[in-house]
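Asks: Build the full structure now, drawing on both the sequences and the hints.
Chains as they are written, first to last, in the working numbering: chain A, 1 to 481; chain B, 1 to 356; chain C, 1 to 422.
Hint data in this document are derived by calculation from the structure and do not stem from the laboratory.
None of these values were measured; they are calculated from a predicted model.
There could be a bad hint or two in this list.
[Unchecked claim] Derived lysine to any residue pairs resembling SDA-like cross-links, with alpha carbons at most 25 Å apart: (1) C:100 - A:394; (2) C:156 - A:384; (3) B:134 - A:394.
[As the list claims (entries may be wrong)] Here are a few chain A residues that sit away from chain C, every Cβ distance over 12 Å (derived from the structure): (4) 71; (5) 115; (6) 242; (7) 252; (8) 254; (9) 314; (10) 473.
For every residue, glycine included, the Cβ atom is placed at its ideal position computed from N, Cα and C.
So the chains spell out like this:
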Amino acid sequence: MKHIFWIILAVFLLPLVSAQSLDVQSDSSAAGFKRVRVSVEIDSFSGNGSLEFHVSEAFHSSVIIIQGQAGEMSQPLVGEWYDDCWTSTDLGLNWTEIHRSENGQAHAFYSTPQTLSIRCDLTGISQSKEDNLSVRLFDESRELGRINTSIIASTADILPPPPDSSPVIFAIGSIALTIIALFGYLRWKDRKSMNRHGLAFVLPAFLALVLLSFYPVAYGMALSFTDAHEESIGDEEFNGLENYLDVFTSGGFLRVLFFTLVWTFTNVVFHVGIGGALAMLLQQKVRGKLAYRTLLLLPWAIPSYISVLVWKGMFHPEGLVNVLLGTETDFFSGVTQAQTMVILVNIWLGVPFMMMSISGALQSIPEDLHEAAKVEGVSDWARLRHITIPLLKPTVVPLALMGFIWTFNMFNVIFLLTNGGPQLWFGEPGGTDILITYVYDVAFVKGELGLAAAWSVVIFIMLMAFSWAYTKGSKATEAVV
Amino acid sequence: MSGVSFEGIRKVYDDGTVAVKGLDLTVKDGEFLVLVGPSGCGKSTTLRMLAGLEDLTEGSIKIGGATVDHLPARARGLGMVFQSYALYPHMSVQDNLTFGLRMLAKTERPTPSEMKRMVQETASMLGIEDILEKRPRDLSGGQRQRVALGRALIRKPKVILMDEPLSNLDAKLRNQMRVELRRLHDELGFTTVYVTHDQVEAMTLADRIAVMKDGELQQHCPPLEAYHQPANTFVASFLGTPAMNLIVGQAEGGLFTSGGLSFSLPDHLSDCTGMGTFGIRPENVKVLKSNGMEAEIRGVERLGSESVYHLNIAGIDIKALWHRPSDEAWDAEKGGWPEENMYISFNDSSALWFGA
Amino acid sequence: MSEDLAGSELPEMDLARRWYIPYEMELMRRGAILVILICIPMFWVASLRGDGWQSIAMGLAGGLLAVWALQQKNRDLMLASSALILLSGLMQAFFALEVKVAAIDVWYSTITVALGGGGLWVLSSPHMSRWLSSKLELEEAELGLARNHKLSPRWKAATTHAILLHFVIIVLVPVIWIIDVAFSPGQSASGDLGLSDWTITHFDAVLSGSDFWTWGLNSVIVSVGTTMVGLMLAIPAGYAFSRYKFSGHGIMMFSLLLVQMFPGIIILVPYFMVMKTLGLLNTSLGLILAYSVTALPFCVWMLKGWFDTIPRELEEAAALDGCTTFSTFWRIIIPLSLPAIAVTALFSFLAAWNEFLLALVFNTDSSMYTLPVGLASYISEASARWGDFAAMSLIVSLPVVLLFIIFQKSLIQGLSSGSVKG
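Replies: Structure (structure tokens):
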């Protein structure tokens, strides 16, 4: 009887026992700049499988585990690939470099079921805020176990040597001297007129402008032709149009561009539409107009990063929005859903400013124009269409352009709400990434500064082209009207 | 049928100010009525109530016999010329003229060729054919005024309202337009309700004037009647330049006394008694070489065709207007007459007495 | 005669009848549009729930039918559409009672029941039926006009209030929530709003901890520094552009405009590299320099605009009295310009105070965070400290919001004139 009991117990406990136990430890200090060393101990593994690392809800890298021999696969040197990985079969006393196939996929080989340890130095880990790390173990068919923890890279780390500042100082100095000389020339040119005094007043501002605006822009353009990287500042080499090629051929280019345009247009349309409607409502004789106006200003007055994070909290699966709607959705899990939500939040942010601007424009339309139209027998709707809206156009058209540029570059909303997620495509922009948030990723998460500069230039040219076309187009319609 | 009637019109604003206090007025079919008075007298408010741009607090307005009290402005079929012209800045002159027509329902709208004809007709009537394509900002004040007028006239309304339409023009243009306005009115035969603070416009344009003060109607009659037989001292002093001389004093047995001044009343006023105001217009003050009341000359304004003497009798300021009656008188003036004093008489049949 | 368009075919007497439309018609039109509009978010909610779309569909159908029926002035159809709308509201209420009553169901049902019921009630009046079948007497029409006149403004005001209230609620809900989170114990972002367990522990933690003061000091240094540098550069420049037409005047103005158009993105990467090279990362100076230049064009525009309004005669008089250019500027122009300078300073300060992206990139060391970046760091994927975040947010936002509201007019004027003129 006793034996049967133990057998039955064993049968029940077997799955438990044979469930893989996974132990994960992370170490920020040992690995290097923006790297975290993660050590994983796997108990009693058998057969083949894989170990996956997910950082910030996005797939980061993986190691394939094979019971058997390495064969022809090579063992690269430390530093030859992005993530250096090692395996150990003696609980971490000795580590050997992991093998990599031709395409760089890491493979860990072992021979007998025992404690297998895998250690990887994960790159691209943020130094400023904690990210969550999910380590998942799979066998050939299913997930065997996972462990979630948080990691952060240390800042006081093996930084690359501070770059040589002399070229920059030289550039700044020579530019400054050139500008001063230019001003000297202009002053000489104006020596006979009173106007020369103005130059001295303008010099500091203009100097600041050139040094801190034009110079960086030019520098940025120059950077876009190099392979600059965050870890090797000062070592950049000219690499021609390679970055630009990268930009245009990268997998998500069209997708992120498309969403950026959708994002921008939808936002501006609703900003102007809702803002205009509210402005007109506030134009009428209502009591408490001032109170309404002040309250409706709040989204503009509250710092945007605070509002966005507040909305993020409210959209939590157990948050206020779900409570009010009687649902339990994770609003940011699906791509379209997440896109809708970010747009809605930005509309909330941007309407007050439009409302106030259009309100001002509405008030500047002389009252007797409306009265003349009324006496002429024009209905209220016709009056809105033929008098009010045409007279608002001179204000709204440039305002919309401003709104377009402002929304196009609206970093805070997307970064703080979804960080560009959901990240369904590895190495590419995420579901709600717009150009500017993706550039941030490229520049400061991946560290590819040259490539990011190229992206910036492309975005800049697109914006300039659009502004020029828009201004031309709006002037043309103005002439017709 | 396009007469207008105001019955018991009263307008009180939200803050309690009473702009119009019980106005009763009728405008005959085809008449040119001028509402005149100082600013704040309620004339513009009355006009706007007629237009439907202001609410009536009490009373009723009828246009052509139909009550329009609560009809919205656009239902009343009126034409209006605003003080600032209120031309639509984003439309050409032609579009300004045809805007009201274009906004009519399809069934009532004139055909494009009809509209073109109407534009031509109105434009040639007002002399604006050659500026039809221009925008309001490119027009002079006078041109804008004509366009505003054209816009009001093009739909051939029965009643046209004008709110100080000439006040933004310079003097010469104003005189010109006055004549033209009257001519158009006579030619086309619409009823006009015209508001102004300028009594000259009122006198020259109106078939009848309605003088208003502080929201009340003072007198409603043809201009000359108001001029020669003003109903009260306000109307008396309001019409005519220089203003009528008004002396407050006591009448007793054909004698008028005011302070140190005393003179016999003209025959037609000899029966007046009690406190009151004696009125005589400067042009009716008789200027005599001798034999009259002695008045000190305080100042003279010589305008060429006439001279205005600022006189003072016994502490009371009087003005006398002396038209150049003859060359002999002109020579006398050139010769330095009069010197310090002048002799005048108030014995004129036009003198008025206003009881207290 | 056919040109007489002031209604001559009909006798003048019928003006009232011709033009009278009971104000209820307009109200019903607005009501129908409102119903259609609120069905859109309700459909979305139904899709999230995966259920309950039938009642919404009924409401939508009712709304569309109502619009068409009002156009046609068909009384039966109008009754039908009102009934549909009413039923939709009732159905939704029953559905919610069965499953779970959420705030949005209450909202939807209240509006649809009120509008549907109201529509039925209005349509049942004999006056309406007579008007709809054009059998109205003249006197009745005139009375109707008078009634319109009195009641219509009140109803219109009521609908305006209703619409505005909706927007105000949408604006205030986040504010109310964050206040609740700030005062509720715990660090979670739950949707329960409860007054009963309010406490000030979060405020305590924030104010006694070092984070707030460190970050606050950083923000103050950066913002004040930006304002001062910005003003020192912009005031003389604005004055010069206003008063003097020196060589290069046009080009320099144009370049100011151009810089304003540069999106932040184009300077982000090179700025980073330059700052890093010069060792200005994780310092206040780096941010001050970056912010000053971003704010510069706007400040110059605002101040130039202001200086343009000061008559030159003042300076000419001063010159006649023996003042040099500089002392005129210092003793006369500046004191006169204090309001404009104050507004410009306020704008620069607020822009620097609220800036997020550059601060995020430049100052990655948590001891050099500015308030925006620091606050945001409280909310990360791994651990979100909502309570502390809420408390700090309130402390940080309150002065900013007050400043904004007090100076809203000037800020908007400045913003729109400065950039629109370009």
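Asks: Hint by hint, say whether it matches the structure.
Replies: Results of checking the hints against the structure:
1. Restraint check for residue 100 (chain C) and residue 394 (chain A): not satisfied, since their Cα atoms lie roughly 50 Å apart, outside the 25 Å limit.
2. Using a Cα cut-off of 25 Å, the hinted pair residue 156 (chain C) and residue 384 (chain A) holds, with the two alpha carbons roughly 17 Å apart.
3. A threshold of 25 Å between alpha carbons decides the hint, and for residue 134 (chain B) with residue 394 (chain A) the separation of about 19 Å falls inside it, so the pair holds.
4. Look at residue 71 (chain A): its CB is around 40 Å from the nearest CB on chain C, clear of 12 Å, so calling it non-interface holds up.
5. Even its closest Cβ contact with chain C, about 28 Å, leaves residue 115 (chain A) beyond 12 Å, as expected for a residue assigned away from the interface.
6. Non-interface call for residue 242 (chain A) relative to chain C: holds, since the shortest CB-CB distance, roughly 16 Å, exceeds 12 Å.
7. Interface exclusion of residue 252 (chain A) from chain C stands, the closest Cβ pair being 17 Å apart, more than 12 Å.
8. Residue-level check passed: residue 254 (chain A) sits 19 Å from the nearest beta carbon of chain C, beyond 12 Å.
9. For residue 314 (chain A), the condition that its CB be more than 12 Å from all CB atoms of chain C is violated, with the nearest at approximately 6 Å.
10. The Cβ of residue 473 (chain A) sits about 17 Å from the closest Cβ of chain C, beyond the 12 Å cut-off, so the non-interface label holds.
Of the hints listed earlier, those the structure fails to meet are numbers 1 and 9, in rising order.
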